[in-house]
Amino acid sequence: MTSNFIILPLLLHMATAIVLMFLWKRITAQRIISVISNVIILIVGILLFIQTWKTGIITMQAGNWPAPFGITFVADVFSSTMVLFTAISALAVSIYSTVGINRARMKYGYFPIFHFLFMGLNGAFLTGDVFNLYVWFEIVIISSFVLMTLGGKKPQMESAIKYVAMNMLASVIFLTAIAILYGLTGSLNMADLSIKIAQIENRGLVNVTGLLFFIGFGIKSAVFPLYYWLPSSYHTPPSAIAAIFGGLLTKVGIYALFRFFTLIFIPNEFITTAFSLIAVATLITGALGSIIKRDMRRMFSYLIVCHIGFMIAGLGLFTEVALAGALFYLFHDIIVKTNLFLVSGIIYRIKGTMDMPKLGSLYAEYPKLSLIMAIVFFSLVGIPPLSGFWPKINLFQAGFFAGDYLLIAAMIIASFVTLYVIAKMWTEVFWKTEPPLNPEEKVYIDGFTILKPFSKLLLVFPVIMLMMVSLYIGFGAENIMVISKHIAAQMMDTSPYIKAVLGNEALNIQ
Amino acid sequence: MELLFVVLIGILYGAGIYLMLRRSMVKLLVGLLLLGNGANLLIFLLGDLIKGHPPVISPDSSVFTAIYADPIPQSLILTAIVISFGLQSFAIILLKKVYLATGSDNLDDLLNTHDLDI
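Note that the protein sequences, when read in sequence, are chains A and B.
Heads up, the first sequence is in the numbering used here, so the first residue is 1 and it goes up one at a time.
Heads up, the second sequence is in the numbering used here, so the first residue is 1001 and it goes up one at a time.
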């Protein structure tokens, strides 16, 4: 089925960004327009999801050039679900940003860049062309560079150097892989590549190309040996920006990994074993890193790394059950990680520090807010009825079925350590009485209480909204699982995707 | 010709990675630049080097009759050059800002982002 409707989310983000650029420095107008446009995009995302769920894969050929010659946009259930969850996060972060980002940053174009970033993300989810994916990735990273450095504080600049260098390196590796892929097959269309790669006899070269893609996306999604830039850069920008980064930028790398290694490079035993081992290492090192951090946001950054391991584990087991679990985890993680950084932003506003030993008595001062935050933390840990629990069942089941006990052990340790660090953080930040200040230190005035009630609502509402979504993921788990299983089935049998892009004849020729 | 390209690309990648491993930020940037150029030449090489046959159909025929150079790698490189131009100019400004903020060109001095309290 063909429809131009599918690129609407990214067009709307682009249009909003352009409109906002004309309203440079008029921040009240920018805030209102940004929130309204995010609401519209969320509605479009829901419609797109319903449409793909009902009618199957929708394609669009840019400029009406038939695939594999032109650039194809494809919305299957995987893409449209990612677009939907991205839209939910975008709405939450944009509402939060109206108060959570300071005026100086807004004056220097926070909102336009925000929308360009989301345009890139939506483009990356919807494209069906390898080189086009590269272009969307570049749009995402250059927007993220600007967001990272906006404000120009010293630690921000230093972390930006690491972030920029690593992301540029990842792009070069990605580009190298595209070059070799094009040399091997003479095609850039993902569906076409899926057919052509299967016919190549030199499997060694195919595997090397696949692993180059893995390294390129691995740097972006922070898997084991390539994650070290993440914990030293994600804690420096303001919380709203960190929420976008933590919730979505690593996940777009995961999305690309899933797409490439289920559609184009069907992993052989060597690659799945490598993925399992990388997943084990990611889970363990991320978990260990989070134990020793005293800064809340640095701890959360290590938890991002740790939980990326669960998704790579799904790819390493490579069965339908495992992939469904990993996808469920991916959707849950987008919402929860975004929310986690928003929560840390509110705590920072209240206490003026992120250093856990200096924090305390939050539960006594803000009991209702603490309750909301508790639900967010419990969802992250995966206390049974909440959202983090259900995907793990699938991953454990698939792990036992494959007999990969090392991976299961690593997943159990990672879950346990997550519980441990969250419990430790809860006692430190919420239960403990706040330690007395040093005489030299300035008294920090609570930046949350002095806000107007409406501003408070703007900060707390996104957290509640995302909390509701993650509660839905937890209590309505069977619905999300149906979606995840559907996507996993499409990943194991890619012929509907190829047919939708190239037409019915494509599969019969070979 | 192909062999020359292969050697050239190898040198670019090697030199780029060597420079990236240095401590100086400027060398890091130059290393990234060389790597990017190496990748662009690699795309060019893998699209097959064909001399003197532009992908233009002559007026008196409607299809390609002779062998012709593949136009796609060239358009890919053009896109990649434009993108890397943007990224690099951003990176240069960033380097200058970091140098002004820290007064150092040494990557090992960038310790403000580290936990000194573990």
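Any given hint could turn out to be false.
What the hints assert, rightly or not - Dumping the calculated PhoX-like pairs for lysine-lysine here, alpha-carbon to alpha-carbon at most 20 angstroms:
no., chain 1, residue 1, chain 2, residue 2
1, B, K1051, A, K162
2, A, K368, A, K485
3, A, K499, A, K392
4, A, K54, A, K107
5, A, K358, A, K456
6, B, K1051, B, K1097
7, A, K25, A, K154
8, A, K162, B, K1097
9, A, K368, A, K442
10, A, K368, A, K54
11, A, K162, B, K1027
12, A, K154, B, K1096
13, A, K368, A, K452
14, B, K1097, A, K153
15, B, K1097, A, K154
16, A, K196, A, K153
17, B, K1027, B, K1097
18, A, K452, A, K358
19, A, K485, A, K54
20, B, K1051, A, K153
21, A, K499, A, K196
What the hints assert, rightly or not - Quick list of the computed label-pair ranges, beta carbon to beta carbon:
no., chain 1, residue 1, chain 2, residue 2, range
22, A, R26, B, R1022, 25 to 35 angstroms
23, B, D1109, A, A104, 25 to 35 angstroms
24, A, I266, B, E1002, 40 to 50 angstroms
25, A, G152, B, G1086, 53 to 63 angstroms
These aren't lab readings, by the way, just hints derived from the structure by calculation.
Ideal placement from N, C-alpha and C gives every residue a C-beta, glycine not left out.
Query raised in the report: Does the structure keep K368 (chain A) and K452 (chain A) at a Cα separation of 20 angstroms or less?
Result: 18 angstroms, holds
Query raised in the report: Are K1051 (chain B) and K1097 (chain B) close enough, with their CA atoms no more than 20 angstroms apart?
Result: 45 angstroms, violated
Query raised in the report: Does K162 (chain A) pair with K1097 (chain B) here, judged by a C-alpha cut-off of 20 angstroms?
Result: Given that 20 angstroms is the threshold and the Cα spacing comes to 14 angstroms, the pair holds.
Requested in this report: With respect to the beta-carbon atoms only, verify the hint that G152 (chain A) and G1086 (chain B) lie 53 to 63 angstroms apart.
Outcome: For G1086 (chain B) against G152 (chain A), whose Cβ atoms are near 20 angstroms apart, the range 53 to 63 angstroms is violated.
Query raised in the report: K485 (chain A) and K54 (chain A): Cα distance at most 20 angstroms?
Result: 15 angstroms, holds
Query - K368 (chain A) paired with K442 (chain A) [C-alpha distance capped at 20 angstroms] - result: Status violated; Cα separation ~28 angstroms.
**Report entry** 20 angstroms Cα cutoff - pair K1051 (chain B), K162 (chain A)
**Finding:** Measuring from Cα to Cα gives roughly 42 angstroms; hence the hint is violated.
Query raised in the report: Is the Cα-Cα distance between K25 (chain A) and K154 (chain A) 20 angstroms or less?
Result: 24 angstroms, violated
Query raised in the report: Do the beta carbons of R26 (chain A) and R1022 (chain B) sit within 25 to 35 angstroms of each other?
Result: 45 angstroms, violated
Report task. For the pair we were handed, K499 (chain A) and K392 (chain A), check the Cα-Cα distance against 20 angstroms. Result -> 33 angstroms, violated
Requested in this report: Decide if the proposed pair is consistent with the structure: K1027 (chain B) and K1097 (chain B), CA atoms, cutoff 20 angstroms inclusive.
Outcome: Given that 20 angstroms is the threshold and the Cα spacing comes to 16 angstroms, the pair holds.
Report task. Go ahead and decide if the range 40 to 50 angstroms is satisfied by the Cβ distance of I266 (chain A) to E1002 (chain B). Result -> Once the Cβ atoms are compared, 31 angstroms apart, the range 40 to 50 angstroms for E1002 (chain B) and I266 (chain A) is violated.
Hints 1, 2, 3, 4, 5, 6, 7, 9, 10, 16, 18, 20, 22, 24, 25 from the earlier list are contradicted by this structure; the remaining hints agree with it.
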